[in-house]
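Take the sequences, apply the hints, and build the full model.
Protein chains in written order, with our numbering: chain A, 17 to 297; chain B, 17 to 297; chain C, 17 to 297; chain D, 17 to 297.
You may find that some hints are simply not true.
Each pair may be met inside one copy or between any two copies, as identical chains are not told apart.
Here are the simulated SDA-like cross-link-like pairs (lysine to any residue), alpha carbons at most 25 Å apart as the crow flies [claimed, not checked]:
#, residue 1, residue 2
1, K230, E47
2, K18, L239
3, K18, P216
4, K18, V63
5, K25, P59
6, K230, H80
7, K25, V63
8, K230, F133
9, K18, N274
10, K18, T58
11, K18, R78
12, K230, E112
13, K18, G238
14, K230, F37
15, K18, H80
16, K25, L68
17, K25, E277
18, K18, P64
19, K230, L143
20, K18, D115
21, K25, P64
22, K25, T85
23, K18, A100
Worth flagging that the hints you see were computed from the coordinates, not collected in a lab.
The primary structure of each chain is shown beneath.
Protein chains: 4
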Amino acid sequence: MKTFDIDCKLVYEVGGLAEFFFQIEAARIPEHTILSESFEVTPSIAVPREYLPPNSHNRSLRVHAEAGTTSIVYRARVVRRFEAPDVDAPELAIAELPDEVMQYLLPTRYCESDALFGMAQRTFGHLPRGYGRVQAIVEWIREHIFYQVGQSDVTTTARDVLANRVGVCRDFAHVGITMCRALNIPARFVVGYVEFEEPPPDFHAIFEAYLGGKWILFDPTGLAPVENVVRIASGPDAMDVAFATIYGPARMTDIQPNIGEVVTEAARPLASEPTQVPLAA
Amino acid sequence: MKTFDIDCKLVYEVGGLAEFFFQIEAARIPEHTILSESFEVTPSIAVPREYLPPNSHNRSLRVHAEAGTTSIVYRARVVRRFEAPDVDAPELAIAELPDEVMQYLLPTRYCESDALFGMAQRTFGHLPRGYGRVQAIVEWIREHIFYQVGQSDVTTTARDVLANRVGVCRDFAHVGITMCRALNIPARFVVGYVEFEEPPPDFHAIFEAYLGGKWILFDPTGLAPVENVVRIASGPDAMDVAFATIYGPARMTDIQPNIGEVVTEAARPLASEPTQVPLAA
Amino acid sequence: MKTFDIDCKLVYEVGGLAEFFFQIEAARIPEHTILSESFEVTPSIAVPREYLPPNSHNRSLRVHAEAGTTSIVYRARVVRRFEAPDVDAPELAIAELPDEVMQYLLPTRYCESDALFGMAQRTFGHLPRGYGRVQAIVEWIREHIFYQVGQSDVTTTARDVLANRVGVCRDFAHVGITMCRALNIPARFVVGYVEFEEPPPDFHAIFEAYLGGKWILFDPTGLAPVENVVRIASGPDAMDVAFATIYGPARMTDIQPNIGEVVTEAARPLASEPTQVPLAA
Amino acid sequence: MKTFDIDCKLVYEVGGLAEFFFQIEAARIPEHTILSESFEVTPSIAVPREYLPPNSHNRSLRVHAEAGTTSIVYRARVVRRFEAPDVDAPELAIAELPDEVMQYLLPTRYCESDALFGMAQRTFGHLPRGYGRVQAIVEWIREHIFYQVGQSDVTTTARDVLANRVGVCRDFAHVGITMCRALNIPARFVVGYVEFEEPPPDFHAIFEAYLGGKWILFDPTGLAPVENVVRIASGPDAMDVAFATIYGPARMTDIQPNIGEVVTEAARPLASEPTQVPLAA
Chain A
17 MKTFDIDCKL VYEVGGLAEF FFQIEAARIP EHTILSESFE VTPSIAVPRE
67 YLPPNSHNRS LRVHAEAGTT SIVYRARVVR RFEAPDVDAP ELAIAELPDE
117 VMQYLLPTRY CESDALFGMA QRTFGHLPRG YGRVQAIVEW IREHIFYQVG
167 QSDVTTTARD VLANRVGVCR DFAHVGITMC RALNIPARFV VGYVEFEEPP
217 PDFHAIFEAY LGGKWILFDP TGLAPVENVV RIASGPDAMD VAFATIYGPA
267 RMTDIQPNIG EVVTEAARPL ASEPTQVPLA A
Chain B
17 MKTFDIDCKL VYEVGGLAEF FFQIEAARIP EHTILSESFE VTPSIAVPRE
67 YLPPNSHNRS LRVHAEAGTT SIVYRARVVR RFEAPDVDAP ELAIAELPDE
117 VMQYLLPTRY CESDALFGMA QRTFGHLPRG YGRVQAIVEW IREHIFYQVG
167 QSDVTTTARD VLANRVGVCR DFAHVGITMC RALNIPARFV VGYVEFEEPP
217 PDFHAIFEAY LGGKWILFDP TGLAPVENVV RIASGPDAMD VAFATIYGPA
267 RMTDIQPNIG EVVTEAARPL ASEPTQVPLA A
Chain C
17 MKTFDIDCKL VYEVGGLAEF FFQIEAARIP EHTILSESFE VTPSIAVPRE
67 YLPPNSHNRS LRVHAEAGTT SIVYRARVVR RFEAPDVDAP ELAIAELPDE
117 VMQYLLPTRY CESDALFGMA QRTFGHLPRG YGRVQAIVEW IREHIFYQVG
167 QSDVTTTARD VLANRVGVCR DFAHVGITMC RALNIPARFV VGYVEFEEPP
217 PDFHAIFEAY LGGKWILFDP TGLAPVENVV RIASGPDAMD VAFATIYGPA
267 RMTDIQPNIG EVVTEAARPL ASEPTQVPLA A
Chain D
17 MKTFDIDCKL VYEVGGLAEF FFQIEAARIP EHTILSESFE VTPSIAVPRE
67 YLPPNSHNRS LRVHAEAGTT SIVYRARVVR RFEAPDVDAP ELAIAELPDE
117 VMQYLLPTRY CESDALFGMA QRTFGHLPRG YGRVQAIVEW IREHIFYQVG
167 QSDVTTTARD VLANRVGVCR DFAHVGITMC RALNIPARFV VGYVEFEEPP
217 PDFHAIFEAY LGGKWILFDP TGLAPVENVV RIASGPDAMD VAFATIYGPA
267 RMTDIQPNIG EVVTEAARPL ASEPTQVPLA A
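Now the structure itself:
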């Protein structure tokens, strides 16, 4: 159990009427307790509205903007619980998979698991089934794909990444997801905040695979331990969980998605004497 | 559009292992924007967890406590939008009511609309149907039921209130709901924060009736304008929306559910120059 | 795994415009496969509509009727899977109960578990916790409450039944639920079809308790094995799952909720040669 | 209001253990009343299970099969209500769109509305906004894309169809959806049963656009009136609503998705004398 402070700032130059949908809030999931959170929008021409789709933990913040500079600051203190994964977790047979995870076996826009079926089978089909096979996919990606910013963009799919052998965290995650699905392992995309040494602070993308009846996190970039990721959202691929979706003329001029671990009494479980959880402010 | 600051403190003496379920957080509904919120639990032996039932806006905070003093402080800044009710809103025929409101016509533990069918018909059956009839119910309650603290408790039902002609806001709301349901008008219980002159700050209970295809708020106590109520939760009756449900040995020693309106630039709609929304802290 | 044919007919004399809500269809739950179903409404002045509340398996059929005789016939063939209960299932501590079952600990209109807390503690509080304690409640009800038709009605609550010591299946279930809740065991009401020897065919009410992380069925009447009940709906108590809720002038003139087990090849699991599942008609 | 009989048969040669997910059942939506339905699976080695995702009307039938011939027959009688579209329905501004339709503006695997943004703007950007513009898209598709079976497959996307100018109903729908999304009109894919003169009976794909606050159906193929389509499912594109998704070795050997209109008293609204709705069998 760790406690993190998030301080995320996004700034846009807006050229006219625009509608923003931000996914930057910590997810409301059992693994999180959100001790405090706040946001500021400048200018305050319209108060943001939050939208939580039914049966989802992906919170979306809708902001209506006019011409000028628009900024949003989101701050939160989040306690994050983490259970170490079972490294012996088996792959389930299709017949054992629950109905609600079946959608995570389908190809999606960025994860063409049908087109890459043969590649996945040739590369990973012979390996022993289970947690170790997904771990092998992760290591293969780390070994074969070059991590470099600026060589991929929002149109880049797993097939492109495998062809060009270069990408960033989102591309790495898409390849991992695609390989899993092609092997009949349900897999989905996860975005969140994480504290890096290098590169500078940014949103981070990892993925999770459904093994032994649970979702288990994997990070093919190896940039940070998965237990340090504070989840924002998850979905079939990056399309569903963009940190900002914008309709109208707008250009991002600043992005600072900061996060830092809090060393606090709050994280000490089962303290016998009273301890005060300080406010985030 | 108004902005409110909530500062709610509850303190309990706990005699042993206990499990608390608090409903004290501002509801996540389109009429609210929660600019900031935080909570502190003392001692922090276990971090609270929030539960949001599917297809509901009633947030529940679950806290596991041990022997000793347990307190919870919830603070929030909430922008509350309010649309003036249509005073010509009609009662809909049963055939016109949507499926999802039908449950609010059924009798419940505190609102015995079946047993009070005759009374409702005799008293309000002859009045013109529509918003005005619900308003007449509200005025009848205000005239015939004496508002007094300490004459009713958690077992008191609408039938008891009508017999004894005394109660508090929750009892007034139960009577209003019961009369509506007995006239085939869907009605439900609403709790929230409100700023009173008198009595001292407390949670407040009102009700809403389904008229002309919308839920419209009514306050039979007349203690405060309904647009000043920041909703916590709604449900069939008070049973579902208790501010605290406790399993285990615990005694409340302090309750301070404060709320105050914030006079701030944030509430100025469509300001042309940038304005800063200050943090709640 | 057993296969049942349901053939349910309800007839009403309707005096004018009326709106009916029937809960008579087999529940769409994992334990059921509905091989076929159909309904006929006479006269067909309006086609019924089905309503399935979000996150519920309680199907509701809405029928708009005019003056005259209105009848509805529902027929279905349902395969019902059944897992024998774990007779060693423990009662979970409150802290172990999942959020979504907490509502089944609250008192409801027919199950005043708060008012009957002392009675439950005195009678069952000393017994060893677990499946056996719920079984003891069931046996106590069977021994102390006289099963007799016509001595209770739709206003009868668990408290009334305990006072008068007489009732029918719905009353028996209400007492069982109330005792469980007063002992902090989540419990809910279940209605369905069942084949009786005696009395004549009718809807049947039983209850289920949450033990060891699962819902386990109990029938305090002992009239039929619970694995022979084809579930229609479940809810906090009988109020939520009435087989008919009627708004408008109507009088029931016939009720025939028939069910019979089908001895068919369809029920033979893992047959190696092709077998044909015949239609219900 | 029309009544249709569906009689759909699918046959597969299965080479070993396989898991089938069929989406062939009439959707449970307010526009449909399903008077009767049944299915038969041969051989009956395992009874199918139905899955209805939360907040969805897309029913899915899960069948576990072993080596041999596996067939499924689905029969239903469905009353289908239809409201003529408002041909003056406006396109809503982004700011006016409800949260829950925003997902239908995003590019998907088969509908690359981002990549085709320029094409859509050049071709339809100058047209008056509203129902007429979507109708213009439909007519443009009908004029520019050649309807021919066998020139496209399950990997064909809208971009491919626009390049090759050939496709079937699903391709036509994908192009229509893509153009709408590129113009900021929410659009989604709809599959169902429809009675054709030519070609032989098959599942049919059309699309719907969100105009004036409602979903309005369009059929770019012009093969049948949209009011004759009995909906099975809808989703972002064809990926989510395949009539069969199969895991394991299986080959389709027969497909007969028949539908026919029933000329019956049941379709006569508000008949004053009793009329009997005959069973489908």
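Problem set entry | Numbered hints the structure breaks, given as an ascending list | none
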